[in-house]
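K.L.:
Mapping of the sequence shown onto the numbering used here: residues 2 to 176, in sequence order.
I should point out that these hints are in silico values taken from the structure, not numbers from a laboratory. There's no promise every hint is true.
[Unchecked claim] When the alpha-carbon atoms are kept at most 20 Å apart in a straight line, the in silico DMTMM-like pairs for lysine to aspartate or glutamate are as follows:
1) Lys125 <-> Glu55
2) Lys86 <-> Asp108
3) Lys138 <-> Glu120
4) Lys159 <-> Asp108
5) Lys138 <-> Glu73
6) Lys23 <-> Asp9
7) Lys23 <-> Glu41
8) Lys159 <-> Glu73
9) Lys86 <-> Glu120
10) Lys138 <-> Asp108
11) Lys12 <-> Asp22
12) Lys86 <-> Asp57
13) Lys86 <-> Glu96
14) Lys138 <-> Asp167
15) Lys12 <-> Asp57
[As the list claims (entries may be wrong)] Listed next, with one range per pair, are the computed distances between beta-carbon atoms:
16) Ala93 <-> Tyr39: 18 to 28 Å
17) Ala99 <-> Met156: 33 to 43 Å
18) Gly105 <-> Gln42: 15 to 25 Å
19) Val88 <-> Glu162: 21 to 31 Å
20) Thr128 <-> Ala103: 41 to 51 Å
21) Pro10 <-> Lys126: 33 to 43 Å
22) Lys86 <-> Lys23: 19 to 29 Å
23) Glu41 <-> Asp167: 20 to 30 Å
24) Ala137 <-> Asn100: 18 to 28 Å
25) Thr91 <-> Ala136: 20 to 30 Å
Glycine included, every Cβ here is placed at the ideal spot set by N, Cα and C.
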Amino acid sequence: MARIDYSDPSKASDRTREILDKNRNANIFRMMAHSPSYFEQYCRLGGAIRHKGELDPVLRELAITRTGILCEAPYEIIAHKRIGKNVGVTDAQNEALANWQAAGCFDETQRAALAFTDEIVKLKKPTNATFRAIAAKLTPAALVELQLSVGFYIMTSKFLETFEIDLQPVTEVVG
């Protein structure tokens with residue numbers, strides 16, 4: 002059960018209700034809507050990450066889901082495994098993400114991106130070798146988008162866990 006009550010959409014502004022409706026009134030967004038201005042900007046950046054960049058969507062979702070795994074955020078993992086599947090992440094890849102280093106289902110770019118993700122989450126920053134490996138595979142724009150995606154979903158995972166956001170049926174979850 003969440004640590005504080007979810008916001009009540011019936012008491013929200015028209016703009017907040019509009020954003021909540023677009024996001025199926027998912028629990029994460031109902032919690033975030035306690036701060037309408039932050040909620041709106043969070044959704045704008047999240048939308049840009051998921052729909053506006055040049056980063057390959059499969060690479061993005063592998064990195065986001067791996068971030069959720071490392072941050073121990075089940076809500077995030079479930080949501081982004083589903084989103085990943087919708088953009089081309091295979092079932093084998095989703096299943097292997099917890100131990101991706103031992104799996105044979107990731108290509109060289111995906112492996113470089115996952116190493117980059119691991120080091121962003123676990124270390125202060127990626128090592129020079131890891132940074133060079135992914136930088137050799139991506140354009141500067143895609144590299145920036147990958148880092149911002151991981152950083153955004155670290156924040157999201159920590160938000161979910163801080164407030165103990167309740168899981169919802171997978172058909173209702175959006176990330």
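K.L.:
For this structure, which hints from the list above don't hold up?
P.N.:
1, 4, 5, 9, 14, 15, 16, 17, 18, 20
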